[in-house]
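Colleague: Those protein sequences? They're chains A and B, same order as listed.
In the working numbering, each number is its position in the first sequence, counted from 1, plus 663.
In the working numbering, each number is its position in the second sequence, counted from 1, plus 18.
Mixed in with the good hints there might be a few duds.
[As the list claims (entries may be wrong)] Heads up, simulated DSSO-like pairs for lysine-lysine below, C-alpha to C-alpha not over 27 Å straight-line:
1) B:K138 - B:K31
2) B:K503 - A:K918
3) A:K690 - A:K897
4) A:K897 - A:K869
5) B:K138 - B:K36
6) A:K690 - B:K138
[Claimed, not checked] To list a few chain B residues with every Cβ distance to chain A over 12 Å, as calculated:
7) P32
8) K36
9) V68
10) V136
11) A197
12) E253
13) D302
14) P304
15) G402
16) E415
17) T441
18) T454
Just so you know, these hints were derived from the structure itself, not from any lab.
Idealized CB from N, CA, C, for every residue including glycine.
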Amino acid sequence: MFAIESREEIAPRFHRFVVRAPEIARKHRPGQFVIVMPDELGERIPLTIAHADPAAGTITLVVQEVGKTTMTMGRMNGGDQFASVVGPLGTPTHIEHFGTVICVGGGAGIAPLLPIAAGMKAAGNTVLSILGGRTHELVILQSEMTAASDEIFLTTDDGSLGRKGLVTHALADLVAERGKPDLVVAIGPAVMMRAVAEQTRGLGIKTWASLNSIMVDGTGMCGACRVSVGGQTKFVCVDGPEFDAHEVDFELLVKRLRMYLPEEQAARERYLEECRCHAEGGAHHG
Amino acid sequence: MADEVRGVPELPKPERMKIPRHAMPTQDHHVRIHNFDEVATGYDPETALVEAQRCLQCANPPCVKGCPVGIDIPAFIDRLRQGDVAGALVKLKETNTLPAICGRVCPQEEQCEVVCVVAKRGEAVAIGRLERFVADWERARGQASTPELAPPTGMRVAIVGSGPAGLACAAELARAGHAVTIFEALHKPGGVLVYGIPQFRLPKEIVNYEIEALNSMGVTLRGDFVIGKTATVHELFWEFGFDAVFLGTGAGLPYFLGIPGENYIGVLSANEFLTRVNLMKAYDFPRHDTPVRPGRRVAVVGSGNVAMDCLRTAKRLGAEEVICIYRRTRNESPARREELEHAEEEAIDFRWLSAPLAVRGNAEGFVTGMQIQRMELGEPDASGRRRPVPIAGSEYEIAVDTVVMAIGQGPNPLATRSTPGLTLNRHGNIVADPETLQTSIPGVFAGGDIVTGAATVILAMGAGKQAARGIQAWLDKLKAGEVEKPRLE
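Using the sequences and the hints given, assemble the complete structure.
Modeller: In structure tokens form, the structure reads like this:
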């Protein structure tokens with residue numbers, strides 16, 4: 664069991680957990696993730712590590728409520744325990760002095776971007792970060808990302824914060840203004856990463872994307888997470904999660920993410936129904 | 019079951035030969051395809067004792083040589099015949115830590131039973147069924163005694179992987195008084211016994227019981243711990259303070275065919291399909307959160323024991339048509355006959371001499387079917403089996419919702435890749451000394467599928483025990499100051 668030290672709702676439906684996991688904290692490198700199973704009957708889901716504190720023996724996870732499992736997690740609190748947390752999994756980000764690195768983050772993808780931006784900056788890169796969200800309160804970790812970047816650019820779909828529009832608009836402007844960066848790292852919804860990849864392909868800018876596929880074990884055993892990169896089948900859990908964004912078959916990734924959509928939908932509805940019943944029965948949720 | 023087992027007399031040898039081998043009682047196949055309960059229900063005491071009477075008690079028993087761990091088979095069967103079930107279990111446990119498991123999943127027909135002298139004129143003594151009976155009888159009564167442990171030696175051994183090789187190795191070392199910790203990547207211990215072999219063939223309660231027995235011997239189990247990620251082998255020695263490491267990480271890397279359409283949604287590795295169902299209990303969705311959706315028509319590619327497990331699991335999940343696609347014939351199928359027969363009873367549609375050419379899918383990316391080629395048998399190949407040859411123009415299409423690839427597994431590279439200096443063969447398996455099972459790194463031992471490639475539970479267990487002897491010798495030298503722990507960084 665892995666003790667939750669704290670949970671904080673940092674934005675609507677976004678939760679930041681600090682979890683006691685000294686061995687994972689000690690070994691974590693930017694780009695790596697954990698598999699979490701919130702309770703004994705739960706599903707194993709991959710979650711990126713937003714921060715690791717080896718001295719405190721804790722890791723920080725940022726979780727967006729999308730389905731039953733993440734909703735369940737959103738109701739857990741400091742003092743509760745996750746049944747299982749395993750990692751750090753995946754291949755760490757290749758960090759070196761590239762020159763200028765633009766970090767593009769959207770939605771929950773900002774969380775795994777944070778340690779990468781910090782690592783890139785520590786390696787002497789000029790880090791320019793573009794963060795986007797539907798509306799102002801969904802652009803998470805602004806202060807942390809500001810600290811990890813030389814400059815930060817914000818976009819929202821509704822114009823409630825920063826520039827109105829998508830991260831790709833901000834990226835186009837930034838490249839036009841400052842010239843081509845040496846590297847772009849894009850993490851966010853698959854459609855966002857695909858859009859960034861299409862844009863930078865035309866501009867000839869090396870681009871990495873961190874993929875968020877369905878996983879079970881996270882150690883290369885099941886192959887649920889497989890994607891096509893440069894025409895070759897790769898396992899996101901061990902070969903990734905980062906790949907050359909220009910080689911990734913995003914269409915396949917998007918399709919494969921829909922594999923269990925009906926079951927996810929049903930589980931979510933059933934869960935919400937149960938919550939309503941409990942609420943009516945006077946049960947208390949933290 | 020009666021509470022007591024009454025011994026039966028030793029019969030003259032000609033009389034023993036006249037008793038026919040007793041069939042294993044099973045759940046009716048009409049019933050069992052709707053549940054995940056164990057198919058084979060086990061002998062009752064009367065049947066077991068009469069079966070035990072059939073043993074000729076050979077002076078030079080070939081069955082013992084046929085057993086990969088050399089169980090004293092005549093001795094345990096004789097104790098059973100006398101009604102001394104507890105004594106029979108002690109005899110079994112002298113050489114086999116996991117009799118309830120081996121009695122179920124060992125291919126006895128290729129090992130002990132194939133050489134049984136009774137089989138020369140009739141059918142072999144049902145050694146595996148008797149082994150299972152003895153283990154089950156004791157478990158049902160909670161009488162299984164913890165083996166005596168040697169006084170603590172102060173030496174510490176790390177076992178990587180909690181499958182059959184790791185469990186057997188851990189048991190031997192714990193008995194010898196060493197402090198043993200097993201590291202397991204998944205959240206539950208047991209390895210393939212838990213994620214791979216289905217409930218209807220090996221109930222998980224049995225695996226849990228054996229693991230609890232290890233706990234009671236003082237073995238520590240650390241789940242959610244991936245060697246190569248959470249810690250390296252080097253750190254096990256120098257930060258965690260272990261004196262020896264055993265790698266029993268198994269064959270956990272699924273193979274795919276590399277045919278077009280293999281990434282359509284609904285193409286799963288056998289590992290994924292079985293892990294979802296066995297480990298994550300997807301058959302009990304939504305009580306358990308992990309889903310699996312086989313659909314109405316399921317094709318399984320391959321015809322080994324893992325393929326049989328997938329076919330029969332798909333049937334139990336409610337698939338209407340379950341099709342086995344195999345490019346050779348029933349004769350070449352690597353599955354145990356018993357498993358094949360059970361699958362046939364369960365109305366699996368076997369398409370022998372059929373090779374998949376492509377998986378078909380729709381615009382949304384979901385599997386809709388497969389293109390199959392008919393084959394015929396040609397000249398024998400390197401394996402001695404007749405090589406399947408395509409019949410030109412024989413391609414045809416089948417409609418399926420799910421395709422499960424059960425064509426074998428390779429060694430999982432997480433632990434090996436992160437261990438500099440570890441010599442692997444060209445398949446990625448660890449090279450180990452055939453006697454001691456020590457790897458190219460002194461103090462690091464390996465056994466089971468990670469060394470041999472995908473094989474059987476009993477061979478992995480045998481390797482675990484063998485490695486324990488090698489580890490003992492290493493620890494002795496370490497204590498004497500003749501060797502030093504390896505530095506791998």
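Colleague: All the hints need checking, so say for each whether the structure fits it.
Modeller: Against the structure, the hints:
no. : hint            : result
1   : B:K138 - B:K31  : holds, 14 Å
2   : B:K503 - A:K918 : violated, 50 Å
3   : A:K690 - A:K897 : holds, 24 Å
4   : A:K897 - A:K869 : holds, 20 Å
5   : B:K138 - B:K36  : holds, 13 Å
6   : A:K690 - B:K138 : violated, 60 Å
7   : P32             : holds, 53 Å
8   : K36             : holds, 50 Å
9   : V68             : holds, 43 Å
10  : V136            : holds, 42 Å
11  : A197            : holds, 19 Å
12  : E253            : violated, 9 Å
13  : D302            : violated, 9 Å
14  : P304            : violated, 6 Å
15  : G402            : holds, 31 Å
16  : E415            : holds, 22 Å
17  : T441            : holds, 21 Å
18  : T454            : holds, 28 Å
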